Every structure is written in structure tokens, then in C-alpha cells.
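Chemist: Sequence:
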Amino acid sequence: MRTSIATVSLAGSLSEKLRAAAAAGFDAVEVFEPDLLASPLRPAEVRALAGDLGLAVALFQPFRDPDDVDPAAAARSRERLRHKAALTRELGCDLILVCSSVHAGAVHDDDELAAQLTALADVAAGEGVRLAYEALAWGAHVADYRHGARVVALAGHPALGTCVDSFHVLSRGDDPDDIAGLDKLFFCQVADAPLLGMDVLPWSRHHRLFPGQGGFDLARFQRAVTASGYGGPVSLEVFNDLYRQSDPGRAAVDAARSLRHLADLTAPGTLPAAPSPSGWAFVEVAASAEGAPAVAALLGSLGLARTGAHRRGDVDLWTGGDVRVVVNHRASAERARLSSLGLRSDAPQVLAARARELLAPLVHRPVGPGEAEIPSLVAPDGTWVQFCGDDPDWRGDFLPTGEAATARSFTGIDHVALPQPFAGFDSAGLFLTTVLGMSPGELAEVAAPDGLVRSRAYTSTAGIRIALNVGPTSATLRGRPLASGHVALATTDVLAVVAAFVAAGGEPLPVPVNYHDDLQARFGLDKRFLDALRRHHVLYDRDPDGGEFLHFFTRAVSREFFVEVVERRGGYRGYGAANTPVRLAAQREHPAPGDGSGGGSAQGSRTIRP
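Okay, so the sequence shown: first residue is 1 according to UniProt numbering, each after it adds one.
Please note: incorrect hints may appear among the correct ones.
Keeping only pairs whose Cα atoms sit at most 20 angstroms apart, straight-line, the calculated EDC-like set for lysine to aspartate or glutamate is [unchecked claim]: (1) Lys184 / Asp94; (2) Lys184 / Asp111; (3) Lys84 / Glu33; (4) Lys184 / Asp144; (5) Lys527 / Glu548; (6) Lys84 / Glu45; (7) Lys527 / Asp541; (8) Lys84 / Asp65; (9) Lys84 / Asp122; (10) Lys84 / Asp94; (11) Lys527 / Asp493; (12) Lys184 / Asp122; (13) Lys527 / Asp517; (14) Lys84 / Glu127; (15) Lys184 / Asp110; (16) Lys84 / Asp68.
Derived by calculation from the structure, the hints in this document are not laboratory data. Fair warning: this is a prediction, and the values are worked out from it, not measured in the lab.
From just these sequences and the hints, can you work out the full model?
Modeler: The following block contains the structure:
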């Protein structure tokens, strides 16, 4: 698959966009006319810069409202096209995107429309340029790609073909399979989008996403494009307000990653085949030497024990039941935070090779004598992801301390939650779906004391769960960023765990009495059971199928780290989202030491691994 990206998809000046696209490995770009008009570079200079960067200019766009019932206006369109065609040639390109008309004077007769497009194609051909006619989903007369293709066929001009755009096809609910039968497919654009119930024009202009970030079946769309015999580039045209404010280099990498993933979905085997991670090996908490004792005290109160000390020091292994937590206090992190996710894999090197093809940055982890080689990469938010095999066993990096855990009821890591910067939420989700092969859940939006919190959980077939959370930007500006970085430990008896936790000196996050009073009204719980929940500050949820979720939270060690303990009953699959406003309000009332009102962003530097 040859790849392209429209310059409108990236932030920055035209030259910055070209450099970002080239650095991400794109083959070509579509030059968006407003980017060219705002650039100090002349068209020939844009062509030269693109060439120096190894980029082709695949398309110049857009040419809007090409037809008109007024003959004088139609004549002006032909003259306008003559100028644009000459400019296109200066760019080193031979293809212009022509959009179906949306204005009140649009032609509504197919024969007349074909005649006007033929006249435009004559002008284009005279300049050595072709036209790709695209049916806009909100077109005044032509809004369906099949209708547009019929008009192109009616015109029968060699310089006139069709452009298909996944958004314009799939946002209308049109069947993409008929694309396979198109004879003159000149260009293909792709974009994903969340499935929103809104007018298609603002949906398109503000909410497009890179493939894999939304709800469209782009693999089906792309298979139809491939079946048509189309051999041109697959180009991303993504209008998105956040991307236009983000670093163009990072956005371009996300864009390229999404197309590589789409290519593999369309034609399996494009990327190295690799088994998905098979489960959790560990989670790592980074803390400074000053902050590590508080983390150790929390884990000890939960019944975990410091069972291993790293061969090179300053890194400890804490275990309890089937839970393993690595505490790295070599770091200079100013606050304790989740810094690394260790995932089990039967083929860690193969997984790393696949991640490399998906442009995930692999990082070197120093390996001492007798230590396991663990392929490691960095997620967009700076969290390390490490693939751990069984031979050699990564636990051999730690020397036994002789301590034994008192907690036996932990059955594993239920999930982890990672706070994200506002502009990084979709990027992190794309990483989880493409690199780790996880599936996204529904987007949840929760009212919190300082504004709206967005959350989406990703799951793997092996039961790995990772939740991404992003808090209100206003809260961060006021010095109260979202406290959401945590690990949730799974147990079969949460009431026993919380009782032991309190007996060991631990402090659950206090839950208001009003909350438990409301539980009785909502669920009609047994009085003794409800009293136990209230006494131990345990929260509760029940799904429509009768599944139950019991969980409590520890007080936060820092703004970016606390622990949740969960018990799932009867096949409950959620995360207790209804309880999130209560938890956030309680954390606001009972902040971590030193985090009451100040502090910087919740996104700081990450840990350097041992």
C-alpha cells in the first residue's frame, strides 16, 4: 500500500507538514489549497521541497462547486479550473479533487452535470491534469459515490474519474462493496470517525479520526477499493480540531501507524504475525527515593511482601497471590506513578518486531549479567511496555529477600488506569489497538467536581484491561489535575481484603454516607451486607444481568498513584463507572500528601528502567 496524507490533517506551516509526513514514512501528500495560499513557498518551491524529502504530491484539493445552472457561473468555473490546473502542474502533480456542488445553484440534471464536468475535463486535459470527482455526503444533488460514478461514466471523458472517501461513504450508511465495480477510480481517501448522531457536515469537519480510532468498518471499505484494481495511494484526509493543535510529527506517526494497521487488516500478513500478549507479568511504579517508602507501606498494608531485590539495587519486587508489582526508586520522578506495564508473551521478540513496523519506539533496557532480555517500547504518554517471556524468566533478575506475602486472595491484576493529556487520548487508544491488539469499549463521560472526565477501557482476548482517562483541562489549569493513575487488584473477597488492610494500618478512601444510603434505594441490598459496605468504604454496582462489582480505593500516595481492589461476581464486565464521581469527589476532599491544591501537570517525565 502506497500511503499519502492530506496536509489539512496536520498542524503547522506547509513546510512543517511536509517534513512531518516525510519523517513518518509517507510516500505522498495531498496539498490542501489553504495551506498553499498561506505559505511563503511558491508552488515550484513546494514541489522541490517535497522532492527533497522523498514525497510525491499526489493530489491538489479542493476544487469546489464545479457546476452551476447559470451559464456565466459555469464559464467562470472553467476559467477558475484553468488557473488551478496550471498551479497543479507547478506542484508536480497531475490530479485535482473536484467536490460535488453544495450551493443553491447546483445542477440537478445528470445529463447537464455530465456535460459541465466534460467541459471542465477538457480544460484540465489541456493542462495535462486529470480530475477526481468526489460525492460529498452533503452534496446538493450528488451525495452518493455510486451516483457520482454514474455521472462520471455518463461524461465518458478520459481525464475524469472518481474519488471515494470512506467518510462520505460510511457516514451515510452506504454499502461500500459496490466500490469494487468502479471502472475509473482515480483516488482513494480514508478517515475513521466516532459513530455520532449529528449532522454529517460538522461531523466531517470536526470529528474525523485516523483509521482504528473510530467506529467505521474501514477494512471492508478498503477491501472493496483493492478489489476495484485501484493502484494509487491510500490517503488520509482527516479534519480534526485536536490534530490541528497537536505536534505535527507525533500526529503524522499516528497517521502512518493507522494506515499500516489498516493494510494488515485488509491483507493479513502485511505486518509480522505475532501472538497477542497472554496476560500481566507485572506493573511498575516509579518513585523517588523519598517517595518509595510510602509506596512500600501501601503495598505492605495490602498484604504484599517485598520478595525480591534487583541484582543492581534500587528496584524491588512485591508479590501477593498472583500479583507482582515492581517498585523502581532509581527514578527522579517527583511523584509516584505507574511507569511500566509488563506483559507476558510466548514470543516477545516477534511482538517487538511487529511493534517496530507499527512505528512504536523501541528503547534499550540495560541488561546486566544473568538478567533477562526484555524487549521494551514506549507508549505515546511515556509509559513503558515490556514483553516478558518465560525463558529466561524476568523474575530471575531479582534476588530473594526471604519475605513472604500475607495476601493470598489476590487472583491477579484486574486492570490499570492511565491518565492522558487532553490531546493524547486518541493517540494512546490507537497505540493500544494497533500495537497491543486490544479492543476499545464504549466511551464513558463522567461528571466530576472539576468538570467532565472521559474514559475508555481497552481489553484483550487474554483478559488484559487498560483504561485511559482524561480529565477536564480547566481542573489542570487550577492545579487540580485528574488523579487517575492506578492499578486495580482482583480478589475473590473484597470485604476480607479491606478488613485486613485496615488492620494492617491502611486507610481506604472515605466514602460519604449519602452514597451508601442511595445504594439501598437503588438496589435494595441486605441490611447486613450494606452495613459491611458502609463500614469498610466499599463501593458497589450491579449490571442488568445481575453481575456485581465490589471495590474500594486506597488513599492516594501521590496525585498519580493509588490502588483499587475489586471483586467481580456473576460475570460483571464493567468498571463501576457509576461510582467514579463519588471516587473523584472523595479524592478531591482527601488529596495525596502535598497535592492538596498545587502541582504541575499530571504528565511528567517517565522512569528510566533498570
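Chemist: Would you mind marking each hint as holding or not holding in the structure?
Modeler: Hint check results:
1. Lys184 / Asp94: 16 angstroms, holds
2. Lys184 / Asp111: 19 angstroms, holds
3. Lys84 / Glu33: 10 angstroms, holds
4. Lys184 / Asp144: 16 angstroms, holds
5. Lys527 / Glu548: 17 angstroms, holds
6. Lys84 / Glu45: 17 angstroms, holds
7. Lys527 / Asp541: Distance ~16 angstroms between lysine 527 and aspartate 541 Cα, so the pair holds.
8. Lys84 / Asp65: Given that 20 angstroms is the threshold and the Cα spacing comes to 14 angstroms, the pair holds.
9. Lys84 / Asp122: With Cα atoms ~14 angstroms apart, lysine 84 and aspartate 122 stay inside 20 angstroms; holds.
10. Lys84 / Asp94: 11 angstroms, holds
11. Lys527 / Asp493: Within the cut-off at roughly 18 angstroms; holds.
12. Lys184 / Asp122: 17 angstroms, holds
13. Lys527 / Asp517: 11 angstroms, holds
14. Lys84 / Glu127: With a Cα-Cα distance of about 10 angstroms, the restraint between lysine 84 and glutamate 127 holds, given a limit of 20 angstroms.
15. Lys184 / Asp110: 18 angstroms, holds
16. Lys84 / Asp68: 18 angstroms, holds
Comparing the model with each numbered hint stated earlier shows that all of them hold.
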